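Could you put together the complete structure from these sequences and hints?
Keeping their order, the protein sequence lines are chains U, Y and L. To convert, note that position 42 of the first sequence is 42 in our numbering; the numbers rise steadily by one, no gaps. Residues are numbered in our numbering as their position in the second sequence, beginning at 1, plus a constant of 1000. Residues are numbered in our numbering as their position in the third sequence, beginning at 1, plus a constant of 2000.
No lab work stands behind these hints: they were computed from the structure. It cannot be assumed that every hint is accurate.
[Claimed, not checked] Across the chosen pairs, the derived CB separations fall in these ranges: (1) Y:Pro1581 <-> L:Arg2024: 51 to 61 Å; (2) L:Ser2047 <-> Y:Asn1011: 39 to 49 Å; (3) U:Ala8 <-> Y:Val1687: 34 to 44 Å; (4) L:Arg2024 <-> U:Ala41: 19 to 29 Å; (5) Y:Asp1378 <-> L:Glu2021: 49 to 59 Å; (6) L:Arg2133 <-> Y:Lys1109: 49 to 59 Å; (7) Y:Asn1745 <-> L:Arg2024: 23 to 33 Å; (8) Y:Ala1572 <-> L:Ser2213: 56 to 66 Å; (9) U:Ala42 <-> L:Arg2024: 27 to 37 Å; (10) L:Glu2088 <-> U:Ala8: 32 to 42 Å; (11) L:Ala2126 <-> Y:Leu1309: 50 to 60 Å.
[Said to hold, decoys possible] No farther apart than 25 Å at their CA atoms in a straight line, the calculated lysine-lysine pairs in the DSS-like style are these: (12) U:Lys23 <-> Y:Lys1775; (13) Y:Lys1128 <-> Y:Lys1048; (14) U:Lys30 <-> L:Lys2128; (15) Y:Lys1128 <-> U:Lys30; (16) U:Lys23 <-> L:Lys2025; (17) Y:Lys1775 <-> L:Lys2025; (18) Y:Lys1396 <-> U:Lys30; (19) L:Lys2025 <-> Y:Lys1770; (20) Y:Lys1394 <-> U:Lys30; (21) U:Lys23 <-> Y:Lys1770.
In this text, all values refer to a predicted model and were calculated from it rather than measured experimentally. Quick reminder that beta carbons are idealized off the backbone N, C-alpha and C, glycines included.
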Amino acid sequence: MNFSQEAAAWSCASCGGNLELVKVHFSYMKGNFEVDLPACAACGLVLVPESLALGRMAEAERILEDK
Amino acid sequence: MEKNELIEWENKCIQEEPPECNSACPLHVDARLLLKEIQKGNWDAAYKVLNKTMPFPGILGRICDHPCEDRCKRGPVGGPIAIGALERICVEKFAGKKRVQPLPRKSQKIAVIGGGLAGVTAALDLLKKGFCVSVFEQGDRLGGYLWDLPEQLLPREVISEELSVFETLMADIHFGTGLDKTLFDQVCEEYDALILDRDSLHGIDLSLKLDSDGLIDIDPATGTTEREGVFAGGGTRFRGGFSPVMETLEGRKPALSIERMMQKVGLTFGRENEGPCSSRLFTSTEGIDPLPRVVPADAVKGYTEEEALREAERCIQCECMECVKKCLYLERYKGYPKKYAREIFNNERILFGAAHQYNVFTNSCSTCGLCETICPNDFSMADLCLEARRTMLKLKIMPPSFHEFALQDMAFSNGEPFSLCRHAPGTTESAWLYFPSCQLCGTAPGEVLSSYRYLQDKLSGGVGILLHCCGAPAFWAGREDLFQTALDEIRDSWEKMGRPQIITACPTCLNIFQEHAPELKPVSLWQIMLEAGIPEAACVKGTTRSTVGVVDPCATRHNQVEQQGIRSILGALGIKVEELPLSGEIPECCGYGGLMYNANPTLSRDVVARRTSASDNDYLAYCAMCRDNFASAGKRVSHLIEHIFPAVEGGDPAARSWVSWSDRRTNRCRVKEWVLGDLGEREEAQVEEYEKLKLTMAPEVRKRIDERRILEEDIRKVIFHAETAGKKMQSREGGSYLAYLQPENVTFWVEYSPDGNGFTVLNAYCHRMKIVGLKK
Amino acid sequence: MKTSEARSECLSRIAPLHEAESIRKSLGTALRPGGFALIERVLSLHSFPAGAVLLDVGCGFGATAAHLQRNRNHMTIGMDISAKMLIEAGSLHSKIPLVRGCARHLPFRRGSCDGVICECVLSLIAEKQQVLREFHRVLRPGGLLIISDIYSREETENRGKNGLPVACHSGDAFVTSPVESLLKETGFEIPLFEDHSYLLRELAARLIFECGSLDAFWSEVSDGLNCRDVKSIFCGGRPGYYLLVARKD
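Given below as structure tokens:
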């Protein structure tokens, strides 16, 4: 899963800087996860692409919801 | 669910019960399977079916008197399947060598006196189970009466071939033995138990009590005689005609009794289904073509293979599956209620909620009650699933995403933005209390207001209004706590208003109140209208002269009065009615009930799609969610209220398309606003800053976000936050912005562009996983 | 999988799961579900004296040993059977004493350890009895054995309600640890047993992020073998994850 294309396609409107791939920390239902995503480290903004949100993330959410 | 509850559930569903042919057969031959194999031309497999229960398939297959045919469900529909004749060709065709395994020998010795059909059946059954069996026969061969049957019915060599099994099993046979009292006494001494073949022993005195046919008296359930250890059977010849299959049963029965006796087990319990018994299986013969039985070209030789295949084809392979035939949900999971009950039990007990598919399954039932109505035994998937949902919550294995959105919508309706209880303007008392329902307000706010004014006009004593949700979403989600709270709030308002007569405009609310708060004694708006008079404006102007397919909502399933009432109203309006196939007592849910749309949106869409294809006419519904769901699928559909209180003269309500969840909320707020307006109360509504944003959306974007259950309010919050805090990203190509916000449990993402004095929304999506932060 | 022979055969043919690329990425350097969460939990309940000597059996890349040294100031020796992993451990953590050895014959004197840590290792060893006896031998009296591992919740539930009541995160379940009787026989008492099965769900979710789907993960790990067979070894009977502390009498 490589989001360098998305990182290049967007910029941070807050400070005008580029988005770099950074380890972003997520949590859901007691589980903790890290994904490399485009982000602006200065402003703390993160980009979760639609494909990730509706794809692997949604799958992972389902697994975590089932006991 | 406890184990004993599971057993009760399973018993209710008769799908696995043996069919008529099997039940009628004294030996319970699986005739249905036999015919299925013949249909496929699998003669070997067909023979195996016979061999499983028949002791001498070559003999019985040819001479059986087939009582099964009398109960064949095909009887009244062209004629029973010629099972007897098909068995015949099956055993004639089988060419393979039969293999019989001699079993490890038991120590007990059993004697059979008389080698007639009953006797040899008993002997074979016991030998196969490992007992030492001695057969005492008067003549020089076994088979008794069989040898007297016509050669062409039962060839001599077949008898010999079939009975040669006794040689293979090394049975102890005494030919040429006088069958008399001396032998009897001797055998009683030397053997552990004995079976008397009453056909061979007819007329011979053994000092045993006889019955009215001159046969040794036995208990028909067990084959016991007055003497312990002495069993008997057979002799149908002397009771009104030789019945080969009953003769066989009467050999098998005492053999089973002896087996029980040797195992020191009671002789009588659990034997109700031995021999011919009734069948609990229900099979519908509706729509079956009354094809007559295939008659063999050569009556003497019987069926050719081709004729046999054709006759076997007529077998309808009896099964029930009535509910599955009608319900898409039951069909989709490829099972039937008995199986489903077990799967739910397993999911709770053993899998403990880990099987995602079962979790979805339990939450996909619309609880409409169709299966219960159709099932001969009233199996209710609604009861099963609702109970399972409550258990899932108790065990804490209910995935939160299944019902969250629907419960949030209900919370909105029961909160500040919508909830309201007032007397009518200018009154301080209410003899009546109008409960229009949150969903009807959500889709037809103007018409709801008109209907309220109509009620105030026609009814005396004061007509108050109560805006609230009846709690159905909580009930369907298994949330007893939230459900009772909603009902308590309604009861409180009702009490405060002096217990007025409640009028409901929604069939679901009517149902919920009748079932769970019967003291409210609700009555439907349409019944009031039939008594008080339909507004003249509707009768005169009318909005449609074409025929409409009336959609009875699943909530009116048992309410014929309501259904008839609707049709009367339509008649008065001059609207012609087409009765759709799933109407009256058997409507299906539109996909809203049971929160199917929340837990299983795909199924919900498919259910609606299937129903829209039932007719090309426009539909007319009198449940708000039915109307909205069909509209969502692109069907031209209107709600009855739009015809009674047309907003515009000569309008086309059926052309109004789907309503988004966001719009439903806005509409509900409007109803409250207008009611307060009529009362002269200005609601100092706090308009949030984000609500002031002007948004534009292309129709396909609007539809997409609604399907993803994203509200306009959520989008506003994101954009407002992004714009005021400056926290947004910008696309290098095109310059649109992307921002996100997590107000509660869900994180919403919006892609948008500024546009004049507002914003155009380009896309929106969401996820439940929380962003914690960037890792250093 | 029908027989235990077939199971062993399959196990031996696939690369140890913890060497799988996606598992390593999903578990991080700690190479165990939950990272350091479980060992930290134990240490919050049972502290070791100053100067305590701990042994991490199956230390992998030595992350736990390093963590304990750094954060808790306990001298922790890392031991593993894989030379490859020890070499990498050595380059990552130069200050940690590392030993190559086998759990069945621990290269340590009797009573020389205050604690033995065995995370995510026991389920992969066939000779559990021998290994537990070795742990018992090297521990001083009163020393602690800390075990965390995968177990089949179905099997243990079926054993009936005479197990230890568990702080179970999914309702009131009575489960027993799979090694409970062996531990007791060997001379341990068991002051702590907890179910932490949610960590497996977390692992499963991470594998989805890494591989796209669980099926994709099993394909990768099975490496030509039948996916279903491999999966059934590890996922049969409602897999769970437990934490256990045993004390040498």
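Holds or violated: 49 to 59 Å for the Cβ distance of Asp1378 of chain Y and Glu2021 of chain L? Taking Cβ atoms as reference, Asp1378 of chain Y and Glu2021 of chain L lie about 56 Å apart, which means the hint holds.
Could you check the hint for me, namely that Arg2024 of chain L and Ala41 of chain U are 19 to 29 Å apart, CB to CB? Holds - the Cβ-Cβ distance for Arg2024 of chain L and Ala41 of chain U, about 26 Å, lies within 19 to 29 Å.
Per the hint of 27 to 37 Å, is the separation of the Cβ atoms of Ala42 of chain U and Arg2024 of chain L within bounds? Since Ala42 of chain U and Arg2024 of chain L have Cβ atoms about 31 Å apart, the given range 27 to 37 Å holds.
Below or equal to 25 Å on CA atoms is what counts here, so check Lys2025 of chain L against Lys1770 of chain Y. holds, 21 Å
The hint says 39 to 49 Å between Ser2047 of chain L and Asn1011 of chain Y; measuring C-beta to C-beta, is that right? violated, 59 Å
Taken at face value, is the distance from the CA of Lys30 of chain U to the CA of Lys1396 of chain Y at most 25 Å? holds, 14 Å
Per the hint of 34 to 44 Å, is the separation of the Cβ atoms of Ala8 of chain U and Val1687 of chain Y within bounds? Given a distance of about 40 Å, which is inside 34 to 44 Å, the answer is holds.
Within 56 to 66 Å or not, the Cβ separation of Ala1572 of chain Y and Ser2213 of chain L? At 59 Å between Cβs, range holds.
Against the range 49 to 59 Å, how does the distance between the Cβ atoms of Arg2133 of chain L and Lys1109 of chain Y compare: consistent or not? Given about 57 Å between the Cβ atoms, the range holds.
Is the straight-line distance between the alpha-carbon of Lys1128 of chain Y and that of Lys30 of chain U 25 Å or less? violated, 61 Å
Hint check for Leu1309 of chain Y and Ala2126 of chain L - Cβ pair distance inside 50 to 60 Å: holds, 57 Å
Can the restraint linking Lys23 of chain U and Lys2025 of chain L be considered satisfied, given a maximum Cα separation of 25 Å? holds, 13 Å
Going down the numbered hints, you'll see the structure goes against 2, 14, 15, while the others check out.
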